[in-house]
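Chemist: With chain A fixed as given, assemble chain B onto it according to the hints.
Protein chains: 2
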Amino acid sequence: MKTYRIPPRVFAFVALLAPLSATSQQAMPLTIKSQGSFFVGGEKKGVTQPATAEMVAQIGDITVNQMYVQYQIPLSGDHHVPVVMVHGCCLSSKTWETTPDGRMGWSEYFVRHNRSVYLADQVSRGRSGFNPTEFYQVRMGRRPIEQMPMIVSATHQLAWIAFRLGPKYGEAFPDQQFPMEAVDDLYKQMIPDLNATLPGDSNPTWRDMAALGVKLNGAVLMGHSESGFFPERAALIDSKGIRGIVSIETTCEQELSSAQIAELARIPTLILFGDRLDDVSVTLKSGTWTWGQALSSCKRFIDQLKKGGGDAEVMHLPALGIKGNSHMLMQDRNSDQIADLVIAWIDRHIEDRSEP
Amino acid sequence: MKTYRIPPRVFAFVALLAPLSATSQQAMPLTIKSQGSFFVGGEKKGVTQPATAEMVAQIGDITVNQMYVQYQIPLSGDHHVPVVMVHGCCLSSKTWETTPDGRMGWSEYFVRHNRSVYLADQVSRGRSGFNPTEFYQVRMGRRPIEQMPMIVSATHQLAWIAFRLGPKYGEAFPDQQFPMEAVDDLYKQMIPDLNATLPGDSNPTWRDMAALGVKLNGAVLMGHSESGFFPERAALIDSKGIRGIVSIETTCEQELSSAQIAELARIPTLILFGDRLDDVSVTLKSGTWTWGQALSSCKRFIDQLKKGGGDAEVMHLPALGIKGNSHMLMQDRNSDQIADLVIAWIDRHIEDRSEP
Numbered sequence: 012m013k014t015y016r017i018p019p020r021v022f023a024f025v026a027l028l029a030p031l032s033a034t035s036q037q038a039m040p041l042t043i044k045s046q047g048s049f050f051v052g053g054e055k056k057g058v059t060q061p062a063t064a065e066m067v068a069q070i071g072d073i074t075v076n077q078m079y080v081q082y083q084i085p086l087s088g089d090h091h092v093p094v095v096m097v098h099g100c101c102l103s104s105k106t107w108e109t110t111p112d113g114r115m116g117w118s119e120y121f122v123r124h125n126r127s128v129y130l131a132d133q134v135s136r137g138r139s140g141f142n143p144t145e146f147y148q149v150r151m152g153r154r155p156i157e158q159m160p161m162i163v164s165a166t167h168q169l170a171w172i173a174f175r176l177g178p179k180y181g182e183a184f185p186d187q188q189f190p191m192e193a194v195d196d197l198y199k200q201m202i203p204d205l206n207a208t209l210p211g212d213s214n215p216t217w218r219d220m221a222a223l224g225v226k227l228n229g230a231v232l233m234g235h236s237e238s239g240f241f242p243e244r245a246a247l248i249d250s251k252g253i254r255g256i257v258s259i260e261t262t263c264e265q266e267l268s269s270a271q272i273a274e275l276a277r278i279p280t281l282i283l284f285g286d287r288l289d290d291v292s293v294t295l296k297s298g299t300w301t302w303g304q305a306l307s308s309c310k311r312f313i314d315q316l317k318k319g320g321g322d323a324e325v326m327h328l329p330a331l332g333i334k335g336n337s338h339m340l341m342q343d344r345n346s347d348q349i350a351d352l353v354i355a356w357i358d359r360h361i362e363d364r365s366e367p
Numbered sequence: 012m013k014t015y016r017i018p019p020r021v022f023a024f025v026a027l028l029a030p031l032s033a034t035s036q037q038a039m040p041l042t043i044k045s046q047g048s049f050f051v052g053g054e055k056k057g058v059t060q061p062a063t064a065e066m067v068a069q070i071g072d073i074t075v076n077q078m079y080v081q082y083q084i085p086l087s088g089d090h091h092v093p094v095v096m097v098h099g100c101c102l103s104s105k106t107w108e109t110t111p112d113g114r115m116g117w118s119e120y121f122v123r124h125n126r127s128v129y130l131a132d133q134v135s136r137g138r139s140g141f142n143p144t145e146f147y148q149v150r151m152g153r154r155p156i157e158q159m160p161m162i163v164s165a166t167h168q169l170a171w172i173a174f175r176l177g178p179k180y181g182e183a184f185p186d187q188q189f190p191m192e193a194v195d196d197l198y199k200q201m202i203p204d205l206n207a208t209l210p211g212d213s214n215p216t217w218r219d220m221a222a223l224g225v226k227l228n229g230a231v232l233m234g235h236s237e238s239g240f241f242p243e244r245a246a247l248i249d250s251k252g253i254r255g256i257v258s259i260e261t262t263c264e265q266e267l268s269s270a271q272i273a274e275l276a277r278i279p280t281l282i283l284f285g286d287r288l289d290d291v292s293v294t295l296k297s298g299t300w301t302w303g304q305a306l307s308s309c310k311r312f313i314d315q316l317k318k319g320g321g322d323a324e325v326m327h328l329p330a331l332g333i334k335g336n337s338h339m340l341m342q343d344r345n346s347d348q349i350a351d352l353v354i355a356w357i358d359r360h361i362e363d364r365s366e367p
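Here the protein sequences come in this chain order: A and B.
Here this note's numbering is used: the first residue of the first sequence is 12, the next is one more, and so on.
Here this note's numbering is used: the first residue of the second sequence is 12, the next is one more, and so on.
Looking at chain A on its own, in the form it has when it is part of the complex:
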């Protein structure tokens, strides 16, 4: 009996073609080994809750600081390091899912490239919930109104500038990669940010991300914008489970000790920035601020890691000839291309360090 085999070269060619088209990928069924959700961290806290129209006041315990994590493991997920994705300010894990214009997001794209993906809602956002204690105290007159935690929303007007959609609200950059026809969908993703309920110098999300890395027996931690430096902060708490760091469009801390730099230099680190960093500026109380300043802070940080022997790099997309990317580069029209760069970096720098 004759057996037909696909010649290895043809097979390799077909395998090479498969990831080229996002359209064909979206049309193809996806087989996963397992999926689900769980919490990392969380502790009991006593609370006095004011009465409502129906309920009497409650004195009891609630759980706070837990981090909600949703995951998918592809069939060959064991062959690669898992990737943990954490969203930015005024957003949720929706960041990584279907793009505003309906294309596949990074979470599924990475799964289809055989990576286990873990999406975490930051503590105080989305399905992780938040600690309402200080609001209760204000409501009951036990805390002055001025100490009510700030709730931060990104207005459409602020997001347009801060996410670098265009030079002024309503006007897009001509080479804009963000799918501007779907900008209303971006606005729907923007939800109130309650991080002001957390201690600024020890955000529980950092500890929960470190614990997730340990639970996964090693993971790449990815953060964006507000959470862009959270992977580094997690590593400074416990680096055992952190195999690599991807920081996207963020400000890098400058006040790290040499011991902290030495600790971070042990972890391969990629920092990613889009285009037009100096073409818009945000007005802060302290003056104007640009994304170019954030890039500069990260270049200084990466230099420190390199001097400490680290495998670290800044990938500034326009320097690679990739133009027009917004702050939401994981949702831009060329999001697959940028995902490919990140996956290739993980392959080279984390999974097979002998072939740099």
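Don't take each hint at face value.
Copies of the same chain are indistinguishable here, so a pair counts whether it falls within one copy or spans any two.
[Unchecked claim] In the DSS-like style, the derived pairs of lysine-lysine whose C-alpha atoms are separated by at most 25 Å in a straight line are:
no., residue 1, residue 2
1, Lys226, Lys55
2, Lys56, Lys179
3, Lys251, Lys317
Hints are computed from structural coordinates only; laboratory data are not their basis.
Please read these numbers as outputs of a predicted model, since none were measured by experiment.
Modeler: Chain B only, in chain A's frame:
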């Protein structure tokens, strides 16, 4: 060359066995046709946001009342009516995912039974975000503290009683179906409820659920507890996309007009209750309240639908010999068994009404 084949009868026997065990199902890969997330509804709202430590005050627009929806479509999803699942008070769509003790939740269970599943975070919860306007007004002294919207948390102590885990906090019913060893995980699911920011008589979640039904060209809407009567409320706004209603452990409204009853009687309706409804009582301002009262309200409602010619029933699990179910029956140890009852009801009453 000899070929070994599995005899067809053995294959059929194995295929028959496969769906019987949740453990084996969890071990089997899952192939889906597509997945993703999107928003339903949402409108622009002008806002004045107080300054923060860094940011100047913002006057601009935000988007509110959008409903976040996450979905999976199985390979043969086209053969069945999609199912929309909406969580209850102080919870998120986590309700339907991995159970506290790590078993498969209803969302994946229904997908593995070839149903397209849509999980919606209620407007003002989870990834849908909430409208912070009234908090801003209090913060800026433009609204009295007493008018700050109530934030509702379920304390561990309240949940123990209200979810019927046992006769008093710390003591479980002996035949409890809820996985008590994992009760801490239930506490992590419980997040602040901001429904007090919504108009009580026209919750935007109702309108968004109705719109989702239309978008899906017909769906079964399922609600639980706080949202248990939301499918009916959605149908009273627009019933075009609502093929069936599953209300779980909720209070049924009593003040409906005969025109409203006639409208609802056109939609097959199942109402589901667990066990020990009168064995615990919750202390409200207006007196004590039991789940038995909720069951009575729903029996009266179902009687009204039946008198209006409706295909409607209350499934009270202990009456079927299924004992010990808590308020979180989709997370109880016998959650697969209860899911099977719901799926069988959908098959009989919605998908093939000629075989009742």
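Chemist: Broken hints, numbered, in rising order?
Modeler: Of the numbered hints given earlier, the structure breaks none, since each of them holds.
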